[in-house]
Amino acid sequence: MLSQILYALPFLAEGFALTLWVSLLVVVLSLIAGVLLGVGLVYGPAPVRWSVRIFSDTIRGIPILVLMFFVYYGLPAVGLHLQSFWAAVLALTLFKTAQVVEYVRGAVASIPKGQSEAAMAIGLTFRQRLTSVIFPQAFRRFLPPWINGVTDAVKGSALVSLLGITDLMQAINQVIGRTYEAMPLYILGALIYFAVNYALSYASRRLERRFAFIRD
Amino acid sequence: MGYTLNFNLIWRHFDKLWGGLLLSLELAVISIAIGIVIGLVLAVWYVSAGRVVRTIIAAYVEFIRNVPLILLVYLVFYGVPTVVDLAYSAPTSFVVTLSVYSGAYLVEVFRSGLEAVPRGQLDAGKAIGLTPWQRLIHVRLPTMLRITLPALSNTFISLFKDTSIASVISVPELTYGAQWINFNTFRIVEVYLVTTAMYLVTGYALLFALRLVERRFRAAR
Numbered sequence: 001m002l003s004q005i006l007y008a009l010p011f012l013a014e015g016f017a018l019t020l021w022v023s024l025l026v027v028v029l030s031l032i033a034g035v036l037l038g039v040g041l042v043y044g045p046a047p048v049r050w051s052v053r054i055f056s057d058t059i060r061g062i063p064i065l066v067l068m069f070f071v072y073y074g075l076p077a078v079g080l081h082l083q084s085f086w087a088a089v090l091a092l093t094l095f096k097t098a099q100v101v102e103y104v105r106g107a108v109a110s111i112p113k114g115q116s117e118a119a120m121a122i123g124l125t126f127r128q129r130l131t132s133v134i135f136p137q138a139f140r141r142f143l144p145p146w147i148n149g150v151t152d153a154v155k156g157s158a159l160v161s162l163l164g165i166t167d168l169m170q171a172i173n174q175v176i177g178r179t180y181e182a183m184p185l186y187i188l189g190a191l192i193y194f195a196v197n198y199a200l201s202y203a204s205r206r207l208e209r210r211f212a213f214i215r216d
Numbered sequence: 001m002g003y004t005l006n007f008n009l010i011w012r013h014f015d016k017l018w019g020g021l022l023l024s025l026e027l028a029v030i031s032i033a034i035g036i037v038i039g040l041v042l043a044v045w046y047v048s049a050g051r052v053v054r055t056i057i058a059a060y061v062e063f064i065r066n067v068p069l070i071l072l073v074y075l076v077f078y079g080v081p082t083v084v085d086l087a088y089s090a091p092t093s094f095v096v097t098l099s100v101y102s103g104a105y106l107v108e109v110f111r112s113g114l115e116a117v118p119r120g121q122l123d124a125g126k127a128i129g130l131t132p133w134q135r136l137i138h139v140r141l142p143t144m145l146r147i148t149l150p151a152l153s154n155t156f157i158s159l160f161k162d163t164s165i166a167s168v169i170s171v172p173e174l175t176y177g178a179q180w181i182n183f184n185t186f187r188i189v190e191v192y193l194v195t196t197a198m199y200l201v202t203g204y205a206l207l208f209a210l211r212l213v214e215r216r217f218r219a220a221r
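Chain order of the listed sequences is L and R.
Note that the first sequence covers residues 1 to 216 in the numbering used here.
Note that the second sequence covers residues 1 to 221 in the numbering used here.
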């Protein structure tokens, strides 16, 4: 049994690398999109606010699996052909973006109104108020939940295995298909996911403590 | 965009979606019921236990929270029967998985709820001569439940969405029904539009209903 698992390790490592690659792409892309949309949700004109609100509430209201199948099977049906890898990344990114939007909204809302008013009183322009007063403070509120949410991206990436992409989850299933050693391999896989995510949530807790001095 | 929407085939197979939705709800309700029992017992045990028990409970919570649900579903359905002599159906297997999964999240919810019960209430209970057991049943748990109701409803709604993972072991819930129609009729856009609407309407209806319940039982401040 052990020799079989050792034999499978390079294959699992490849899958693991893909899991990390998908997670990284999703985290980075959703961070960019989420911050832009989040700022639009807080400061944008009414049509932008409403669009972002509807986007976020819809995406967060459905299972990620449904969103993934919708994107994966639906896009080719309307004539858009994406590689399955990119379809999966797109779906996971849409899902994560909606979360980031809410972190941004929460972080900005947690900054006392007085800060904005004080900045206005000393004559800062809108852009200056955002970049020098609101964002530096909101960033500290945003970071801990966001890092904690990175574990969701890593866990969510396991669903790409359902689209025939050989990530860690799929690699494990394929090795089981050849060796019939289901239990040891699932446990090994669980431990790998656990190690990555536990490290991430540990980092998030450390940051939270680090930024705990900020009060309302 | 040479795609014309045609919902006829969806309505013809709508029983797959409707039956799937009911099964999704059933799976979520049974799982959260068992999850609440797991969460309550472990949370009460945790706050009064020694170091070893605390470590074990914390390990359970951290393990479940940091592993993808789909892996847990596979592990219970395909892995466990290879090492223990048990036979169970896919829905049973999924309910077990989702219960253990939700239990881990609810231990955390209940544990912080128990810590939020005001000290004065416990002292008052002691002062009128309640035994520790009576204080738990009549003072701590009712107050804790009121405090944790919003977190409970959120957990329930996210469990309802998580039931879609049951489709990977062919439990015929809503996502499975959607896939069935996808593969058999190729009305892909239509079926996922309808499925999305069904998840959204059900999810927000549940949220609305649960918020009403919360308002009714809100903890006095």
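Treat the hints with care, since some could be wrong.
[Claimed, not checked] Here are some of the chain L residues that sit facing chain R, going by a computed Cβ distance under 7 Å:
no., residue
1, F11
2, V78
3, F194
4, N197
[What the hints assert, rightly or not] Over 10 Å on every C-beta distance to chain L, these chain R residues come out as not near it, computed from the model:
no., residue
5, W11
6, F14
7, D15
8, L25
9, I34
10, P68
11, D85
12, P150
13, I165
14, F186
15, E214
[What the hints assert, rightly or not] To give a feel for the contact side, a few chain R residues facing chain L, derived at Cβ under 10 Å:
no., residue
16, F160
17, T163
18, S170
19, R187
20, L193
21, Y204
22, F208
23, L212
24, V213
25, F217
Since the hints were derived computationally from the structure, they do not count as laboratory data.
Yeah, the Cβ is synthetic: ideal placement off N, Cα and C, and Gly gets one too.
(request) Please verify that hint: F11(L), Cβ, nearest Cβ of chain R, below 7 Å or not. (result) At about 17 Å, which exceeds the 7 Å cut-off, the nearest Cβ of chain R leaves the hint on F11(L) violated.
(message) If I take the minimum Cβ distance from I34(R) to any residue of chain L, is it greater than 10 Å?
(response) At roughly 21 Å from the nearest Cβ of chain L, I34(R) sits farther out than 10 Å, so the non-interface label holds.
(message) Take the shortest C-beta to C-beta distance between S170(R) and chain L; is it under 10 Å?
(response) violated (13 Å)
(request) Return the status of the interface hint for T163(R): holds when the least beta-carbon distance to chain L is below 10 Å, violated otherwise. (result) It holds, given that the least Cβ distance between T163(R) and chain L is near 8 Å, below 10 Å.
(message) Please check whether N197(L) passes as an interface residue: C-beta within 7 Å of a C-beta belonging to chain R.
(response) holds (4 Å)
(message) Less than 10 Å between beta-carbons is the criterion; does L193(R) satisfy it with respect to chain L?
(response) OK, holds: L193(R) within 10 Å of chain L, min 8 Å.
(message) Quick check on the hint: R187(R) CB to chain L CB, less than 10 Å?
(response) holds (9 Å)
(message) Less than 7 Å between beta-carbons is the criterion; does V78(L) satisfy it with respect to chain R?
(response) Since the shortest Cβ distance to chain R is 5 Å, the answer is holds.
(message) Confirm or reject: P150(R) is not an interface residue toward chain L, with every Cβ-Cβ distance exceeding 10 Å.
(response) The assertion about P150(R) holds, with a minimum of 16 Å to chain L.
(message) Does the closest beta carbon of chain L sit nearer than 10 Å to the beta carbon of F160(R)?
(response) It holds, given that the least Cβ distance between F160(R) and chain L is near 9 Å, below 10 Å.
(message) Using the nearest Cβ pair, does F217(R) come within less than 10 Å of chain L?
(response) At 25 Å from the nearest chain L Cβ, F217(R) fails the 10 Å test, so the hint is violated.
(request) Grab the minimum beta-carbon distance between I165(R) and chain L and tell me whether it stays above 10 Å. (result) Violated, since 6 Å does not exceed 10 Å.
In this structure, the earlier hints numbered 1, 10, 13, 14, 18, 22, 23, 24 and 25 are contradicted, and the remaining ones agree with it.
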